[in-house]
Amino acid sequence: MRAFLTNLRTVWLTFIRIFKKRVTVQYPDEKPYVPPRYRGRIILSRDPDGMERCVACYLCAAACPVECISLQATEQEIEGEGQKGRRYPETFQINFSRCIFCGFCEEACPTYAIQLIPDFEMSEYDRQDLVYEKEDLLIDGQGKYHGYNFYREAGVAVGVKDKGGGEKEDDPIDPKSLMP
Amino acid sequence: MSEVWTHILVIVGVLLVMTSLAAGLIYVERRMLAAFQDRYGPNRVGPFGILQVVADMIKMFFKEDWIPKFADKKVFILAPTIIMITITCGFVVIPFTPVINVVDLNIGLLFVLGMSALAAYSVALGGWASNNKYSLLGAVRGTAQVISYEVFMALSLMGVVVMTGSFSLREIVLAQEEMWNIGPQFIGFLIFMIAAVAETHRAPFDLPEAESELIAGYHSEYSGMKFGMFFVGEYLGVLLMSSLVTVLFFGGWLGPSFLPPVVWFLLKMFVFVILFILFRAALMRPRYDQLMSYGWKILLPLSLVNILVTGAIVLASG
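Which chain is which? The protein sequence lines are X and U, in order. So the first sequence is residues 1 to 180, counted in our numbering. So the second sequence is residues 181 to 498, counted in our numbering.
Please note that a few of the clues may not be correct.
Listed next, with one range per pair, are the computed distances between beta-carbon atoms [as the list claims (entries may be wrong)]:
no.	chain 1	residue 1	chain 2	residue 2	range
1	U	V234	X	Y38	35 to 41 Å
2	U	K254	X	L5	38 to 44 Å
3	X	L13	U	V485	29 to 35 Å
Because the hints were derived from the structure by calculation, they are not lab data. The beta carbon of each residue, even a glycine, is placed where N, CA and C say it ideally should be.
Sequences and hints are given; from them, build the entire structure.
Right, dumping it as structure tokens:
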């Protein structure tokens with residue numbers, strides 16, 4: 001008898017689920033909420049001056065556990081806007097058919113150049129289309145981190161600023177001077 | 181002459197409506213199950229996903245209809261037809277309304293019970309002909325389940341028969357003008373409802389096809405439209421059992437006259453169809469020996485007591 005009543009209770013509890021809200025997110029019609037720090041598609045950002053942030057240090061490629069990042073570093077040769085000697089990637093490929101979206105590349109990046117953004121809708125019919133080239137990755141904006149320019153804060157002079165002229169930098173010490 | 185035509189119309193109408201309702205139940209069941217589980221279910225094809233049935237049918241018709249090399253070919257083909265034929269035969273005696281009733285047999289109730297019992301051959305032969313151990317296990321379970329349930333399923337209805345004094349389903353409905361049988365025969369109703377679920381091999385008594393244990397049980401080897409026939413046959417069984425409950429305990433087509441009798445019948449029937457689906461959503465499958473001992477040790481004596489008490493009261497009140 002007790003078992004019978006338990007079963008009746010189960011039936012009743014299941015029945016009242018009809019009046020409960022449904023949990024399904026009807027995806028293509030109704031987009032799910034994705035938090036801003038969601039690890040989705042990978043992009044390369046630019047600094048506030050509109051230059052590429054990436055300095056082609058290979059740290060992201062080294063950090064990548066599935067080795068899906070491939071890049072070739074080069075240096076700015078032309079004397080345009082005093083940018084000579086500035087490093088940048090000649091090619092930059094990310095194979096998203098291998099990428100596991102772990103975000104290690106973003107953590108490894110010293111210049112906030114490589115970033116994961118909350119876009120996950122990147123399915124393709126052709127596997128080769130999942131290999132993103134540099135022009136697919138590079139965006140015109142600054143991504144998640146605004147107002148950061150590596151060369152304005154770093155010690156090296158590449159024409160953006162003089163030595164010691166950085167935002168968090170002291171004036172350079174003259175090693176030949178005796179003054180403190 | 182016109183009477184003959186009306187009769188033919190009724191026959192064809194009942195056949196068509198019941199078969200298409202059974203096919204439509206595939207959609208209804210999926211939507212209802214989804215509702216019980218906080219989901220939407222199929223809602224993409226057509227308005228509210230109602231064309232899902234059509235999509236499923238097209239898929240099933242165009243699937244490869246494969247007969248295993250190790251199967252007993254003739255019986256293998258015969259098995260799914262049995263369930264369709266016997267269950268549709270069962271609808272012959274169901275009085276949907278005073279007019280829509282193919283034939284009013286004076287042993288109508290026995291006819292329905294006999295036909296639904298014959299449907300067990302479908303399970304047994306299908307499992308046997310598949311020549312596959314899981315199918316055979318399913319078939320054995322199905323047979324044993326029928327043996328234990330058929331007995332008190334019929335006995336639970338004898339209370340209704342005793343009260344009416346007739347096996348004719350039409351007379352049983354007409355005898356409920358004053359009060360539906362659900363009142364005096366409540367125990368009989370409960371027992372019959374349990375037996376009806378077992379009879380149609382639906383969850384929680386879907387032991388012959390228990391997916392988690394026997395793949396798909398007796399129809400593991402079936403594909404294409406042969407599987408479809410088992411599938412539709414199961415839903416036809418649900419419809420037949422729901423109509424029986426409606427006729428026997430809930431006054432069939434009787435109801436306030438603002439709705440036509442056939443609407444009343446279908447409304448009542450669909451309440452029980454949804455109850456069948458609710459049982460499937462809510463209850464877990466009992467172990468095999470539990471099912472048997474539950475049937476033989478509790479429900480059979482209970483239905484016998486029900487007959488005894490009903491008979492005594494009917495005799496005493498003259």
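Checklist entry - Which of the numbered hints above does this structure break? => result Structure breaks hint 2 only.
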